[in-house]
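J.: In the order they appear, the protein sequences are chains A and B.
Mapping of the first sequence onto this note's numbering: position 306 corresponds to residue 306, and the numbering continues sequentially without gaps.
Mapping of the second sequence onto this note's numbering: position 203 corresponds to residue 1203, and the numbering continues sequentially without gaps.
Hints in this document: simulated from the structure, not taken from any laboratory.
Errors might be hidden in some of the hints.
[Said to hold, decoys possible] Capping the alpha-carbon separation at 25 angstroms, the derived lysine to aspartate or glutamate pairs in DMTMM-like fashion look like this:
#1 A/K331 x B/E1064
#2 B/K1069 x A/E323
#3 B/K1071 x A/E324
#4 B/K1047 x A/E66
#5 A/K251 x B/E1286
#6 B/K1177 x B/D1021
#7 B/K1047 x A/E327
#8 A/K218 x A/E238
#9 B/K1071 x A/E323
#10 A/K247 x B/E1025
#11 B/K1187 x B/E1110
#12 A/K253 x B/E1286
#13 A/K251 x B/E1085
#14 A/K251 x B/E1029
#15 A/K247 x A/E213
#16 B/K1009 x A/E324
#17 A/K247 x B/E1176
[What the hints assert, rightly or not] If you only want the chain B side, here are some residues facing chain A, beta carbon under 7 angstroms, derived:
#18 N1016
#19 Y1017
#20 L1019
#21 E1051
#22 S1057
#23 S1058
#24 M1060
#25 Y1154
#26 V1155
#27 V1233
Even glycine gets a Cβ: it sits at the ideal position worked out from N, Cα and C.
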Amino acid sequence: MLIKNSLIHVRNREVGLVFKVITPGIQVTVQDYPGRVGYAHLGFPRSGAMDDLALRIGNRIVGNKEGEAGIEFAFKGPKLEFMEDCLISITGGNCSPTIDRKELPMWTAVRANKGQILDFAYTMEGVWSYICLSGGIDVPEVMGSKSTFTNVNIGGYKGRQLEAGDVISLGNFEKPLLNQLEGRKLRNHLVPEYKQTMEVELMYGSHYDWLSENDIEKMTTNNWKVSINSNRLGYRLEGPEFEFSEKALNKPKECGSHPSNIFDTGYYLGGINLAGQTPVVLTADGPTAGGYIQPFIVPKVSLWKVGQSKFGNFIRFRLINIEEAIELNEKAKQYFEEDSYC
Amino acid sequence: MSIEEKSYKIWTAGLNYILIDFGLEKNIEYNIKSIILKDLLIEAGVKGITEMVPSNSSLMVGYEPDLIKTKDLENIIIELVDDIEKRENLVVPSRLIEIPVLFDDPWTRECVENYCKRVKPIQNNIDKILEANGLRDLEELKYYYTFPQFWVCYVGFWPGLASALCLDPRFNLSVEKYNPPRTTTPKGAIGLGGTNTSIYPMDSPGGFQLWGITPVPIYDSNRKLEVFKDSMVLFRVTDRIKFRAIDMEEFMEIKRQVEEGTYVYNIIDYELFDSNAYKKFLDSCEKQGGGASV
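Using the sequences provided together with the hints, build the complete structure.
T.: Next comes the structure, spelled out in structure tokens:
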């Protein structure tokens, strides 16, 4: 027994067991960025953070590489007990984090000491929040990513959501960073806002000529309600019906019987898939191919806004062209400049 | 020649994707073109491409606009597709993989019964396929599935899920999909939806009409069997499937071998698929006319 204990102790120091889950929250998983890229032809979605911006900022705050894995959750975070002193950041949806019941600032590098308890209230604004640990998380990479895809139990921590009693290890723990980075934060004016109605950029996808001009206008002139049947696979939108165009109504029978059906094609991350009358924004764990048209796509740089749209809240789309999308990409780089942190 | 006059269509989807659409009809040649285009893009070592998904009749190319400009990638693609379109014959290596199947098995039957209880009453899936295609009975369906070979035209929707088209037009079957889809389908179940036949790699949602089940895994995240040494996924595009009808006794025996890790897949891995030879075959089928018979 003694020997066993000392072994655990050695292991503890070497790989740094960092926290233990006391009570799980909702959909608590390990996710990184950009996820499992390059396996779509075998049917694997990218997975990864639903709000990649919040995860990447969280990592930068605690001195990690932007794409390092963090803990993601929706609506309610897990209760964790720290097993080692470490540096953490909480970003994303406003989830009122506390440590030993004392309020913690978000978007800031804060110290968590051995024995302290991190807890959360229900998320007020936004959906997804992130816990980033200085040094990252030690889980094996599966197909080049630490992201969890729970639907087939791969990646992350044992391929599943975190449960009570799970113990997570730090990827790489260097004590000096603790003091250097404590208090480092994203400048206030850059902290993303999660509004009741999110304005989300939209671009043309493919086969949009299967929609009528009216349909295309509907996309950008309505507030689309985010259905409660939304998840990491896709966000379903509720709004007016589509009438489709001649092309959708008179097509080869292989395309299927409904006007929104097409002979199966690859699916885009962020693609807006028209499943019958329901537009579905395909998100991190979304299918890689299927038989519905994707007349629109939310550019990658804006996809976090879809993720953070609360179920029951609204999305308003704004159609942009390639040049505007490139400009947005350039503008988003400011989040990762050293000047943006203080 | 402007893009409007070309036989294919290129869609610039957002800032990260290009979809090359070769046509909207069931045509194995479109599928092969999308696969050859994928191979040519890999060979050309185009930087910035993140993923490529060939499917029934199109190729989806994902890219990073920071690494390659949309217009530049489009031009490379147009040049390669024009080269493919000029080719008189399309030849790709194609493996033949035998998949043993238990037709009308208790697991898919139970799955359909559960759907009837929980969602809505629907027809026995095999009866539905027979009716939709004017087949007499299960024996005839077995013949329709075990005589021809099936072409794996894409892998996707779900990890490892293979979608296949019947290569012999005399045995074409089609049926409408479930509405709404099932929330669960047993691992190994095989179904027909539209003209596609799919094998379900694991317990997963689905909408195809089920007619049988295979004891051999087509997806194995533990990579226990030799065939999964390089990939968790058995099938890749250009594979051909040959179904073989088995009985319950053989089903259980194969299942035992799979669990033991001793099962050896029956795979022929030296053949080529030749589009001209295939066209000749299609012509000869047309001359024969009529449907196949037992």
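J.: Are any of the numbered hints broken by this structure? If so, which, sorted upward?
T.: none
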